[in-house]
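Read off the chains here:
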Amino acid sequence: MSLLELKDVHATYGNIHALMGVSLTVDKGEIVALIGANGAGKTTTLRSISGLLPPRQGSVLLEGRAIHHLPPHVAHKRGLGLVPEGRGIFPALTVTENLEMGAYILDDKHQIQANLENSFTLFPRLKERAQQKGGTLSGGEQQMLATARGLMSNPKILLMDEPSMGLAPVLVDQIFDIIRELNARGTTILLVEQNALMALSIAHRGYVLQNGQVVLTDTGPNLKANDMVRKAYLGA
Amino acid sequence: MRHFMGSVNVRQIVLPLGQMAIFVTGAGVLCSAIMLILAILFRGSGADQVLRATQGVGILAYTLDSLPQVLIDGVTIGFVYAAIALGYTMVYGVLQFINFAHSEIFAIGAFCGVESLIALNGLGVMAKASAMGSFLYLGLALLIGMAASGGMAVLVERVAYRPLRSSPTLIALISAIGVSFALQDIIRLVESMTSGQFYRVIPTFGNFDERINLFRIGAKVIDIQVKSVVVILAAVVMLVALNYLVGSTKVGKAIRAVAQDKNTAALMGINVNAMISLTFLVGGALGGAAGVLYALKFTRIDPFVGFMPGIKAFAAAVLGGIGNLTGALLGGMVLGMIESFAGAYLGTYTMGAFGAEYKDMVAFLILILVIVFRPNGLLGEQVSQKA
Chain A
1 MSLLELKDVH ATYGNIHALM GVSLTVDKGE IVALIGANGA GKTTTLRSIS GLLPPRQGSV
61 LLEGRAIHHL PPHVAHKRGL GLVPEGRGIF PALTVTENLE MGAYILDDKH QIQANLENSF
121 TLFPRLKERA QQKGGTLSGG EQQMLATARG LMSNPKILLM DEPSMGLAPV LVDQIFDIIR
181 ELNARGTTIL LVEQNALMAL SIAHRGYVLQ NGQVVLTDTG PNLKANDMVR KAYLGA
Chain B
1 MRHFMGSVNV RQIVLPLGQM AIFVTGAGVL CSAIMLILAI LFRGSGADQV LRATQGVGIL
61 AYTLDSLPQV LIDGVTIGFV YAAIALGYTM VYGVLQFINF AHSEIFAIGA FCGVESLIAL
121 NGLGVMAKAS AMGSFLYLGL ALLIGMAASG GMAVLVERVA YRPLRSSPTL IALISAIGVS
181 FALQDIIRLV ESMTSGQFYR VIPTFGNFDE RINLFRIGAK VIDIQVKSVV VILAAVVMLV
241 ALNYLVGSTK VGKAIRAVAQ DKNTAALMGI NVNAMISLTF LVGGALGGAA GVLYALKFTR
301 IDPFVGFMPG IKAFAAAVLG GIGNLTGALL GGMVLGMIES FAGAYLGTYT MGAFGAEYKD
361 MVAFLILILV IVFRPNGLLG EQVSQKA
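Protein chains in written order, with my numbering: chain A, 1 to 236; chain B, 1 to 387.
Heads up, some of the hints might be wrong.
Unchecked claim - SDA-like cross-link-like pairs, simulated, lysine to any residue; straight-line CA separation at most 25 Å: (1) A:Lys133 - B:Ile171; (2) B:Lys262 - A:Leu106; (3) B:Lys250 - A:Glu128; (4) B:Lys250 - A:Phe120; (5) B:Lys262 - B:Ile171; (6) A:Lys156 - B:Ile171; (7) A:Lys127 - B:Gln69; (8) A:Lys77 - B:Lys250.
No lab work stands behind these hints: they were computed from the structure.
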């Protein structure tokens, strides 16, 4: 059984049919990349999983249990960690408070404290900025904060939406190193990326989305070598 | 770690107290200074001569003499406005929407508090109550008013605002104005059916009308009514508690997270609707308590009692920077102070041309002036601590 499974998911924004039967699986311990052009439906797929945009049709299963009918705050409790589009940092909360919000569903204070310390070990930069307001961080620091926050609830799977967006190349490298590192420690990751080259370099498997449909799926290295992918997304 | 947490908690109580002290002193000193400058400018004027002829004192002496009492009144009403203004500003912080029905939420608190005191009075228990007992009865009335207002605010949000959440805020605004009128008439209906009259008077009990001597300047004694002390203390306790709730507790942080980004808050497992309900509950309860305190101070209430304090508290929230909790406190204090000064001196300085009844005009004119020059309100530029 896959950790996360989407079966024939359809989603609409008003009259716009954004997803037309997306099916994909993510197994425990994997990094799975979801690549595609702007408007292909990458973010919409994540919104359908997280409950922000419930599917019109089809199902989303986490460890075999349906979660697509749940509101986002309940779906989150089933084990989804989110690094939202545009990072979603609470600008007027401090770095620590942002992290605490990531652990909102946890009641055990010691557990929260341990996770907080874990975040600071993972991202020493955040520790330096612990009492600073989230809105005052740089883009790279905000991405670190969003990632650390997504992990605060000990999720079964981390859903990351465009972690490289708006970051300088050196920071993009850093973020992808971190993703690989998190995965090596056992975190399962579904990665939505416009930066296909980087995403496929670290992903075990990948899906290519086009106009709301999966048009291609293979291992990361195979997709990276695929002619169509190279032409369309890697600029080769 | 424990020690560290302890010091944070104390800080969260001392900080708002300090803030209040600064705002009260600041608004008081500023208004006094302006008034004394005016008094000096008015020396030798017609108003000065009238005062010398009728009371035997010059305008400066007259102003100085009444100043402490005017300041005390300003602080009292300022705290009432601040408590109401917090309801507007909290809801605005979370939904970017003005809850115009908040003035009636205030009125419901006033009515439920006063009705429970009238009922207690009818049982005959209040006549023989000790000073301590009368404070307990007032506390009970406050709790009843808070529960009624908080509950009604939650209900109003559920019925009249939540279904419109995805509509433009203008639509919800119209709904709020509708709720406001509906609640006025519901209060009127219930009152005329149960008591046969529209207005109610808080029973006289305890020692709330007595005056405590504060200090003495020459032969003049500066005193304060017990009920003003009660109003100020109750408001201070509530404001500190609110500050603590929003600033330091888990739900308080969740409310702020919802105010800043509803989608992300939901993705973190925060029940956004529950937090919005909680915001209305807390804001409504504060408004309800303010209603009971208002009734205690001004004794008589009617179904439309919420309108003026409501609109002034809204003005106070805008004056301080709407969405900003500290701003609501500052705005309430400034507005209360201006109103108190205008009410006390307008008649004398204009030789009766404008009486105290024009105090609202002065308060709103100053509001307009401030907003023209600082459209984001007095504290609008700082990083606002949204509700």
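Between lysine 250 (chain B) and phenylalanine 120 (chain A), does the CA-CA distance stay at or below 25 Å?
holds (20 Å)
For the pair supplied as a hint, lysine 262 (chain B) and isoleucine 171 (chain B), confirm whether the alpha-carbon distance does not exceed 25 Å.
Measuring from Cα to Cα gives roughly 20 Å; hence the hint holds.
Is lysine 77 (chain A) within 25 Å of lysine 250 (chain B), Cα to Cα?
holds (17 Å)
Regarding the pair lysine 127 (chain A) and glutamine 69 (chain B), is the alpha-carbon distance no greater than 25 Å?
Given pair lysine 127 (chain A), glutamine 69 (chain B) is violated - Cα atoms ~52 Å apart, limit 25 Å.
Mind checking the alpha carbons of lysine 133 (chain A) and isoleucine 171 (chain B) for me, to see if they're no more than 25 Å apart?
Not OK: lysine 133 (chain A) and isoleucine 171 (chain B) at ~33 Å, beyond 25 Å, violated.
If you draw a straight line from the CA of lysine 262 (chain B) to the CA of leucine 106 (chain A), is it 25 Å or shorter?
With a Cα-Cα distance of about 19 Å, the restraint between lysine 262 (chain B) and leucine 106 (chain A) holds, given a limit of 25 Å.
Starting from lysine 156 (chain A), check that the Cα of isoleucine 171 (chain B) is at most 25 Å away, please.
Violated: lysine 156 (chain A) and isoleucine 171 (chain B) sit about 41 Å apart, past 25 Å.
Tell me if the straight-line CA distance from lysine 250 (chain B) to glutamate 128 (chain A) falls inside 25 Å.
holds (23 Å)
In summary, the numbered hints that this structure violates are 1, 6, 7.
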